[in-house]
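Asker: Residue-level listing of the chains:
2 protein chains.
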Amino acid sequence: MLTGFRPTGPMHIGHWFGNVMNLVRLQEDHEAFYFLADWHMLTTHYDRTEELPENVRTLALDLVAAGVDPNRVTFYRQSDVKEVAELTLLLGMITPLGWLERVPTYKERLRDMAERDVANFGLLGYPVLQTVDITIVKGELIPVGEDQVSHVELTRELVRRFNRHYGDVLVEPRALLSNAPSVPGSDGRKMSKSLDNTIDVRDDEATIRRKVRSFITDPMKVRLGDPGRPDICPIFALHRLFSQDIYEWTRENCSTGALPCVDCKTNLADRIVAYYAPFRDRREELERTPGVAEKILADGREKVGPVVEETMKAVRTAMNLA
Amino acid sequence: MLTGFRPTGPMHIGHWFGNVMNLVRLQEDHEAFYFLADWHMLTTHYDRTEELPENVRTLALDLVAAGVDPNRVTFYRQSDVKEVAELTLLLGMITPLGWLERVPTYKERLRDMAERDVANFGLLGYPVLQTVDITIVKGELIPVGEDQVSHVELTRELVRRFNRHYGDVLVEPRALLSNAPSVPGSDGRKMSKSLDNTIDVRDDEATIRRKVRSFITDPMKVRLGDPGRPDICPIFALHRLFSQDIYEWTRENCSTGALPCVDCKTNLADRIVAYYAPFRDRREELERTPGVAEKILADGREKVGPVVEETMKAVRTAMNLA
Numbered sequence: 001m002l003t004g005f006r007p008t009g010p011m012h013i014g015h016w017f018g019n020v021m022n023l024v025r026l027q028e029d030h031e032a033f034y035f036l037a038d039w040h041m042l043t044t045h046y047d048r049t050e051e052l053p054e055n056v057r058t059l060a061l062d063l064v065a066a067g068v069d070p071n072r073v074t075f076y077r078q079s080d081v082k083e084v085a086e087l088t089l090l091l092g093m094i095t096p097l098g099w100l101e102r103v104p105t106y107k108e109r110l111r112d113m114a115e116r117d118v119a120n121f122g123l124l125g126y127p128v129l130q131t132v133d134i135t136i137v138k139g140e141l142i143p144v145g146e147d148q149v150s151h152v153e154l155t156r157e158l159v160r161r162f163n164r165h166y167g168d169v170l171v172e173p174r175a176l177l178s179n180a181p182s183v184p185g186s187d188g189r190k191m192s193k194s195l196d197n198t199i200d201v202r203d204d205e206a207t208i209r210r211k212v213r214s215f216i217t218d219p220m221k222v223r224l225g226d227p228g229r230p231d232i233c234p235i236f237a238l239h240r241l242f243s244q245d246i247y248e249w250t251r252e253n254c255s256t257g258a259l260p261c262v263d264c265k266t267n268l269a270d271r272i273v274a275y276y277a278p279f280r281d282r283r284e285e286l287e288r289t290p291g292v293a294e295k296i297l298a299d300g301r302e303k304v305g306p307v308v309e310e311t312m313k314a315v316r317t318a319m320n321l322a
Numbered sequence: 001m002l003t004g005f006r007p008t009g010p011m012h013i014g015h016w017f018g019n020v021m022n023l024v025r026l027q028e029d030h031e032a033f034y035f036l037a038d039w040h041m042l043t044t045h046y047d048r049t050e051e052l053p054e055n056v057r058t059l060a061l062d063l064v065a066a067g068v069d070p071n072r073v074t075f076y077r078q079s080d081v082k083e084v085a086e087l088t089l090l091l092g093m094i095t096p097l098g099w100l101e102r103v104p105t106y107k108e109r110l111r112d113m114a115e116r117d118v119a120n121f122g123l124l125g126y127p128v129l130q131t132v133d134i135t136i137v138k139g140e141l142i143p144v145g146e147d148q149v150s151h152v153e154l155t156r157e158l159v160r161r162f163n164r165h166y167g168d169v170l171v172e173p174r175a176l177l178s179n180a181p182s183v184p185g186s187d188g189r190k191m192s193k194s195l196d197n198t199i200d201v202r203d204d205e206a207t208i209r210r211k212v213r214s215f216i217t218d219p220m221k222v223r224l225g226d227p228g229r230p231d232i233c234p235i236f237a238l239h240r241l242f243s244q245d246i247y248e249w250t251r252e253n254c255s256t257g258a259l260p261c262v263d264c265k266t267n268l269a270d271r272i273v274a275y276y277a278p279f280r281d282r283r284e285e286l287e288r289t290p291g292v293a294e295k296i297l298a299d300g301r302e303k304v305g306p307v308v309e310e311t312m313k314a315v316r317t318a319m320n321l322a
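Residue numbers (the working numbering), protein chains in the order written: chain A, 1 to 322; chain B, 1 to 322.
FYI, nobody ran anything at the bench for these hints, they're computed from the structure.
There may be inaccurate statements among the hints.
It does not matter which identical chain is used: a pair holds within one copy or between any two.
Only pairs whose alpha carbons sit at most 27 Å apart, straight line, appear in this in silico BS3-like list of lysine-lysine [to be verified]: (1) Lys107 <-> Lys193; (2) Lys265 <-> Lys303; (3) Lys107 <-> Lys265; (4) Lys82 <-> Lys265; (5) Lys313 <-> Lys138; (6) Lys82 <-> Lys138; (7) Lys221 <-> Lys295; (8) Lys138 <-> Lys303; (9) Lys313 <-> Lys303.
Note that this is a predicted model, so its numbers are computed, not measured.
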């Protein structure tokens, strides 16, 4: 099983419930490869690489503090595995441009980033790089959300094309669909670093309380005592994740108007603070060891090396490049 | 100074007069990097890699026998330098698709190979790979024909773009225009392996004589004694390269009709055979040493390593990927 993380910033609670929680569970009974996709980040953030070293370090520690176990998982940094670039070059030689131009997220990215200059060769080649990430470690299972299924489909097609040309060398992966809850941010939209609406997993108590207070709630609930609509309220959506103990109670008392938003937010903040307390402890402990992120990733590089070399030897031989 | 050779087959006399002769001269007073561009070959020949190992070996020995001196030149195989793939991935992140789509040779290739499936990501990225070949060894001078000037121009633009983003890291090369003679093949078109109209430099005497006899001549010179038009005859074009001693004499006696084509061809074949006799001797001597091509290319890899590593260190540091 394989998954990658774009080091665009610290882990937020959208990452945790949307992905990481699941991966911490999956590492128990799968041979898991988790990696920090720093080269991927360049497809859209090539002009912001000054943030990269700190983002990589932070995300590595966030993931380990969240429960990714480097002793169990092969946990590495993409750019440490130079063979990824070699296989990307080789696979690109047989990747029809039409396949890449049709990828829905490619068109979305071009549209979303219209103000920035991202219509580059690297962005178009994103799915080739992703295919390499997967196949270079013989990835079989790719945990993805609904919106990523088409990427795995392209990877499968590309693997079949390679194997048709050069023999049965690459492993065809399949998607492991996860139905993760969508986590809203402070503005009600999907929580995302780029929207600046996140609560980060490593935020301290004061920051969590401040951020929770800043969340929008039902705009129709204007005065104290007005009835609220919990099902459209992002705070209530977060209660579903953090507040099993008072979830139904909150729904009732919001709907009747008995529960003021300010109290409801305090209840939520209390629970988020408590939920991540063990995380913050582990995170601080890791932070006290100098060079620990570097050490973890260096070990991961060591561990992934033989797997990668085995794939590359087979690929080079099959393509008569050995 | 840098140049690459696509290992699509043995060196023919078009290569020699068009390029190699010049390069053998240039190695005398330049720090020269010559390489076998096997990854480049995949952009159009990804489905014919079974020919690749022998093509690489043959071309390496052909070039050395022709005078490329591995003790003077850094002579290596592209795919031995894995860092080329890494830098290609990185440079691709900042290469606008529009620049690549406008390259004239890209459109030509798509047209010429309409019957084959080459509209691939790798073919579109050809100029990125070429830019890497040049910049990874800090190439300054690129000997090219007229038709390649636009490639060097794209390389220069890409280097400037990289340096604008990441600081003054890559060296901007310039084209060294060579006005090489065009060498016709047996059908009167430009000599080219893909047209199957070549005389190879390593052909033995019998093969050279047979191939010269197969050349077309002036179609209006039908009968013995008919006057010929040397200026449209491919045999006469080759006399210009091989027959200083009888060049004017041939022109006269062809024009008057006194010189039968069959004799004119014998004269040419005699001279080609003699011209390449020293080449064939050196070529045979090389062939007698087992593993000599592999040894030469391994030495070249060793020699180019520190130059490449210096560039890559600077690139990774500049992009915050170190």
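Asker: Each hint needs a verdict: does it hold in this structure or not?
Answerer: Hint check:
With identical chains, the CA atoms of lysine 107 and lysine 193 are at most 27 Å apart within one copy only, with a shortest distance of 21 Å there and 41 Å across copies. Taking the shortest alpha-carbon separations for lysine 265 and lysine 303, neither the intra-copy value of 45 Å nor the inter-copy value of 66 Å comes in at or below 27 Å. Taking the shortest Cα distances, lysine 107 and lysine 265 never come within 27 Å of each other, neither inside one copy (38 Å) nor across copies (61 Å). Taking the shortest Cα distances, lysine 82 and lysine 265 never come within 27 Å of each other, neither inside one copy (47 Å) nor across copies (55 Å).
For the identical chains of this complex, lysine 313 and lysine 138 are intra-copy neighbours only, at 13 Å inside a copy versus 30 Å across copies, given an alpha-carbon limit of 27 Å. For the homomeric pair lysine 82 and lysine 138, the shortest alpha-carbon distances inside one copy (16 Å) and between copies (21 Å) are both at most 27 Å. Taking the closest pair of Cα atoms, lysine 221 and lysine 295 never come within 27 Å of each other, the shortest separation being 51 Å inside a single copy and 80 Å across copies. Proximity of lysine 138 and lysine 303 under a CA criterion of 27 Å is satisfied intra-copy only: 14 Å inside one chain copy versus 34 Å between copies.
Both within a single protomer and between protomers do lysine 313 and lysine 303 lie at most 27 Å apart by alpha-carbon distance, with minima of 17 Å and 24 Å respectively.
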